[in-house]
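Enquirer: One-letter residues, chain by chain:
Protein chains: 2
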Amino acid sequence: MNDAFPDLGRLVAPRGIAVVGASQREGAQGRRLIDNVVLHSAFTGAVFPVHPTATEMLGLPCFASVDDLPDGAVDVALVMVNATQVLPVLRQCAARRIPFAVVMTSGFAEVGAEGAALQAEITALCGATGLRVYGPNCPGFVNLRDRIGMTFSPAFKDDLNPGPIGLATQGGGLGRNVLQALAHGPGVGLWFSAGNEADLGLPNFIAHMALDPQIRVIAVLMEGIQDGARLIRALQCARAQGKPVVVLKIGRSEHGIRAAQSHTASIAGSAQVNSAVFRQYGVVEVGDLHELATVSRMLLAGPPRATDGVCIYTFSGGTAALAADLAGAAGLPMAVLEPRTEAALRAVLPAFASTVNPVDTTADILRDPQMASTCLRIVCQDANVGTVVFPIPMDYGEITAGMAATILEVAAHSAKRIVPVWMSRRLGPGFEALERGGLLPFVSLSDAFAALQKVYAGHAAVQAPAVPAPHGGADAPAAAALSEVQAKALLRSAGIDVPSGRLATTADEAVRHAEAIGHPVVMKVVSAQIAHKTEAGGVRLDIRSAPDVRAAWADIHASVAARRPDAQVDGILVEKMFPPGGRELLIGVHRDAAFGPVLSCGLGGIHVEVLKDVTHRAIPLERAEAGRMLREIRAFALLQGVRGQPPADLQALEDLLLAVSDFVVQQGPRLRELDLNPVWVGSVGQGAVPLDALLVLDDAAA
Amino acid sequence: MNDAFPDLGRLVAPRGIAVVGASQREGAQGRRLIDNVVLHSAFTGAVFPVHPTATEMLGLPCFASVDDLPDGAVDVALVMVNATQVLPVLRQCAARRIPFAVVMTSGFAEVGAEGAALQAEITALCGATGLRVYGPNCPGFVNLRDRIGMTFSPAFKDDLNPGPIGLATQGGGLGRNVLQALAHGPGVGLWFSAGNEADLGLPNFIAHMALDPQIRVIAVLMEGIQDGARLIRALQCARAQGKPVVVLKIGRSEHGIRAAQSHTASIAGSAQVNSAVFRQYGVVEVGDLHELATVSRMLLAGPPRATDGVCIYTFSGGTAALAADLAGAAGLPMAVLEPRTEAALRAVLPAFASTVNPVDTTADILRDPQMASTCLRIVCQDANVGTVVFPIPMDYGEITAGMAATILEVAAHSAKRIVPVWMSRRLGPGFEALERGGLLPFVSLSDAFAALQKVYAGHAAVQAPAVPAPHGGADAPAAAALSEVQAKALLRSAGIDVPSGRLATTADEAVRHAEAIGHPVVMKVVSAQIAHKTEAGGVRLDIRSAPDVRAAWADIHASVAARRPDAQVDGILVEKMFPPGGRELLIGVHRDAAFGPVLSCGLGGIHVEVLKDVTHRAIPLERAEAGRMLREIRAFALLQGVRGQPPADLQALEDLLLAVSDFVVQQGPRLRELDLNPVWVGSVGQGAVPLDALLVLDDAAA
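Taken in order, these protein sequences are the chains called A and B.
Mapped onto numbering that gives the first Met the number 0, the consecutive letters of the first sequence carry residue numbers 0 to 701.
Mapped onto numbering that gives the first Met the number 0, the consecutive letters of the second sequence carry residue numbers 0 to 701.
This is chain A alone, in the form it adopts within the complex:
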């Protein structure tokens, strides 16, 4: 599955590093770069400063150019030269068979057409030579766990807390925010900052970390998606290894999209499609930067089991009520405490304490550290408790610092997730102690529960079965719609059940067709110029006799002639009428810029048009995803049967979704658009049948 991704082992842990553009000039980026590699790293390999005139730098001999570097000694060339010099340097790297170059220089696709052309030359060079380029326009790569800083960032010397979280970002700076958030406790082991992704990009880095045994959770800050299919393959690598991928995707609102486009050169897909594909491939999507850090950290603790409920534990009644309220609103599973837990709490706590969840010890425990420690231990030992949320509503200086010490002590000896929430803005010594102890205290209850909700939901996603890789592909230029008859013939040949219909060119023929098919029938105008037949007066339903067929024939011709005098009528399609009482759905396919063909599904009529109640999946679709997809429809209850209606034939509907997915795969990139609207769905056993079909193919000669 990982065939598509090159091995990045020598990039991540190189034996030799060349620093092209190294400098000792005060304030130069090239100086900060070599200082990081030589002075602030614990790099044990060889460093080769490249400088046109200098002979020695930080005690190391300099090389006048890449051409002069010793054979086979350099795994990574760090490139920090003027934009115009980047390509010549990369050509030299390729010639010297240096496998990786990290280009930090700016001035490429992010600054306009000229820069984009320069960047395209980098991409072409990589394709032609096998050189792999990281960047350009990026702060470099940081391997914290081996302490190798291939970056010009002056903050690298403070990035001192490695750990099992892998981080991949686009757009540079914000990754440092995640590092600062995880400065205590388990931290970030590798930080890839993808920049403009001329060659290597987020999918490469995700796939690498999926296979890196020291990385246990992958955190991603994403601005745009260059290649949805590759991204999905990388996500599948992570899922195959059981590693959660936590993504903050910027560009979800229109405002964000605009900013993302002016910031990096990448394609921002529609937010709904992105989120649906993330769900499909098990990504835990978060909504803010602090969530990226906190959710990634919490996912290190392993998946919550079915019995791992949340227990709220605090020393203030109002806080207990507020926290229980917010936890309930977040849909978290609340633990029911074991009887022995309640009994043990009752034995130590005052009578007016609450020994059920939410636990309110009362403020008495503030005066008795021994009691505080005992009670928290009791709750942590409860088999129904997976997570203890401990809100601390106020700062009482040394008193709450003592409580923090108790929490740290209990946490050190418990496998349970303990989530302290420091609700006061007075971030006193207790907060400091929790922070330095690596417990990552939240500063608001709603943030804590939002993050926990993602942890609980996220593990369900990671544990779901893997799904096949998508069928990607870019748009082609010209396209044309097939007639309904042509579209249905193509669908039928692909095994999709569509109504048995016949084209009539005279009224007599229509009568014969209707008799052959069996009444009742529907009649629909066929014209290359008419996409919306109902609006043109070109549809008649529930026709039950030969005279009615003749009347409908005349009616349709008259209406169409009046409303669409421009249209050439090729005939009238006579089709089996499906019984009323079926539910109508819409199934559609369009091409997403990032993910290629995307399947959409929703209930027809106002549900899609007014209420926007529609859901999406990247193609191909797996059977389990078909069921999950349908259950994302808000009005799904209508398919289950309400108000005395029998349940709809969900099995047939899932089969149809899968058949459509297969059809789209068969058609390949020439399929531009497919609209099955309405799809008739009967009761269980009656099937699901597209009654109308709009199909747009590139080079559509059918």
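Take these hints with a grain of salt, some might be off.
Identical copies carry no separate label here, and so any pair may be met within one copy or between two of them.
Said to hold, decoys possible - Only pairs whose alpha carbons sit at most 25 angstroms apart, straight line, appear in this in silico DMTMM-like list of lysine to aspartate or glutamate:
id, residue 1, residue 2
1, LYS575, ASP541
2, LYS611, GLU397
3, LYS156, GLU397
4, LYS156, GLU431
5, LYS575, GLU55
6, LYS611, GLU583
7, LYS156, ASP363
8, LYS611, GLU631
9, LYS575, ASP496
10, LYS415, GLU337
11, LYS532, ASP569
12, LYS575, GLU653
13, LYS611, ASP66
14, LYS611, ASP654
15, LYS532, GLU672
16, LYS156, ASP367
Note that these hints are calculated values from the structure, not bench results.
Being a predicted model, the structure only gives us computed values, none of them experimental.
Starting from the known structure of chain A, arrange chain B on it as the hints suggest.
Expert: Just chain B now, with coordinates in the frame of chain A:
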């Protein structure tokens, strides 16, 4: 309007205070109480310690009992004695004509039936004597602006930052969290902590602060609503004064309700109804404790004007994109910068900076404090900018501290709302400076935008016109449903247009009625035992001739006899058939435990039943609220006309909602339940007519 609320002037700023239960014993609550009043307050009036044996306390002469206190010298008695002693003390207070008692003692309704009985005696005493009691079971009252601490809280001595925000809480402790959040910059002037509300309660405190000229925003932490009608009257006082009321309501989820009930003795209404009534009366509802503080603070700055857009201003491209994204998702109005602003920014910033909103100055400003100050000033001077959100993505120690100093300096000279967001968990000196400078920096972008969203939406609510006071009332015991004929007669007599229908007891009579009314008609069974006529087979639609009337007559009797052999049929109602194509709504009334009669409205069928798309208002309803209510329905677009449908008669629908509200007021507390389902709503000019009515009255003899 404020007639219902007693003047609390002498409670808030008393001339003399008696401390009943004062003590000098180490650790006693009575000691902390008198210490707060005498040592930690700046109280200039007289203090009278009451103690059975002591003669002197803190240099003040003691009184053996309340009976011994000097005449007319005491405005407030602070009561901190055993629960069993509280009533005798209060009786003495009443006898001595002391106007106010603050009872801090616990052991009343919060501990069970016995305590509740004791509390009921307090309530009765107040009613009988005119004594006003605050509490019991509360930490007391804190007047920060005059520095009078009528509380036993040891934290009072640190409550040092008064200001124009008024705070009212239930359940005690969490109010201190708000005080700690507002410890710098404009703070809290008065803090009422209502406790069990035996007499005075949240509505009193809100109404007092509404009229207090030094209070500009009212913050409320609410666990339960004892008396919805009084609460609404208090909210109206605040609205009449143009003062925003910001409420955090605990008990929104089932979990929270359970905790709230075990914590204080109050009635938690349904969350949806509470929130709808809050919207109706202009309350700004927030979702977490930190929002209560931050939104209240931000609302001090006065209402955003129509042109007061939000400008995002930062020095990192990724941060700009993320912030714009989240601001867009929060629905905030983004400012379009004036051309001269862009030009001025372009003149100072590097070429690759973004000078449109979101503004990205690039990290260059970190090295140039002069440039940083100039750019922020330029943005603040833009006429389209009301709020500048300044995210600071990373902590760079002294460098970001310098940026904080710049923000504080510009904020001091600008009337614009500047909202710093400190995104790093490293809360370095820059964060400290912003915090101490009173700028209340947020620590997450999403929290900042959520709060701003409430500020922007909240002012719209405050500026909306005032609405009439509600018709409250408690439930009565026995109730019975009227027949459809009786219910419609009652509605018609109240001026509500219902279909002209006649009861037939024979088929011949039904034929005559149908001819008199005019075909087409509908026929519906009338039986006291049948509430759901359609399910019983008791309804026939679109009857167009005398033979059809006879057929329907026979059909209905046969179906009902088969399906509901238990039912006695009183006859068949013949009614005008309304033309198809009308939209169907449901209008209902039920009695909420807190707010009395509540009006609900939604589109009929699956919209209410499956999609739960329904909205609420307390009765009486004002015209402007009728329109706003309809616009809260998610599927409102269906009423405006989609897919070629003409718009519905919204005017008639609003008239009907108002007529129903009037009807409910006229009926008074005997009206238990009203269901108009369906309500037929035609196109503009065609009206809105309830086609069926279910009415449940107490003592319903009709």
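Enquirer: State whether the alpha carbon distance between LYS575 and ASP496 is at most 25 angstroms within one copy, between copies, both, or neither.
Expert: within (12 angstroms within a copy, 45 angstroms between copies)
Enquirer: Please work out whether the CA atoms of LYS611 and ASP654 approach to 25 angstroms or closer within one copy, between two copies, in both situations, or in neither?
Expert: For LYS611 and ASP654, only the intra-copy Cα distance (24 angstroms) is at most 25 angstroms; the inter-copy one is 30 angstroms.
Enquirer: Check LYS156 against ASP367 for me: Cα-Cα at most 25 angstroms, and say if that holds within a copy, between copies, both or neither.
Expert: Between. Shortest inter-copy distance 23 angstroms satisfies the 25 angstroms Cα cut-off; intra-copy 42 angstroms does not.
Enquirer: With identical chains, the pair LYS611 and ASP66 could be close in the same copy or across copies; at 25 angstroms between alpha carbons, which is it: within, between, both, or neither?
Expert: neither (60 angstroms within a copy, 71 angstroms between copies)
Enquirer: Evaluate LYS532 and ASP569 at a C-alpha cut-off of 25 angstroms and name the case that applies: within, between, both or neither.
Expert: within (13 angstroms within a copy, 50 angstroms between copies)
Enquirer: How would you classify LYS156 and GLU431 at a CA-CA limit of 25 angstroms: within, between, both, or neither?
Expert: Answer is both; intra-copy 22 angstroms and inter-copy 24 angstroms each pass.
Enquirer: At most 25 angstroms between CA atoms: does that hold for LYS156 and GLU397 within a copy, between copies, both, or neither?
Expert: between (33 angstroms within a copy, 16 angstroms between copies)
Enquirer: State whether the alpha carbon distance between LYS575 and GLU653 is at most 25 angstroms within one copy, between copies, both, or neither.
Expert: within (23 angstroms within a copy, 45 angstroms between copies)
Enquirer: State whether the alpha carbon distance between LYS415 and GLU337 is at most 25 angstroms within one copy, between copies, both, or neither.
Expert: within (16 angstroms within a copy, 54 angstroms between copies)
Enquirer: Which holds for LYS532 with GLU672 at a C-alpha limit of 25 angstroms: within a copy, between copies, both or neither?
Expert: within (18 angstroms within a copy, 47 angstroms between copies)
Enquirer: Between the shortest in-copy and the shortest cross-copy C-alpha distance, which are at most 25 angstroms for LYS156 and ASP363: within, between, both, or neither?
Expert: Answer is between; shortest inter-copy Cα gap is 21 angstroms, intra-copy 45 angstroms.
Enquirer: Please work out whether the CA atoms of LYS611 and GLU583 approach to 25 angstroms or closer within one copy, between two copies, in both situations, or in neither?
Expert: Both ways: LYS611 and GLU583 sit 15 angstroms apart in one copy and 21 angstroms across, limit 25 angstroms.
In terms of the numbered hints stated before, the structure departs from hints 2, 5, 13, listed from lowest to highest.
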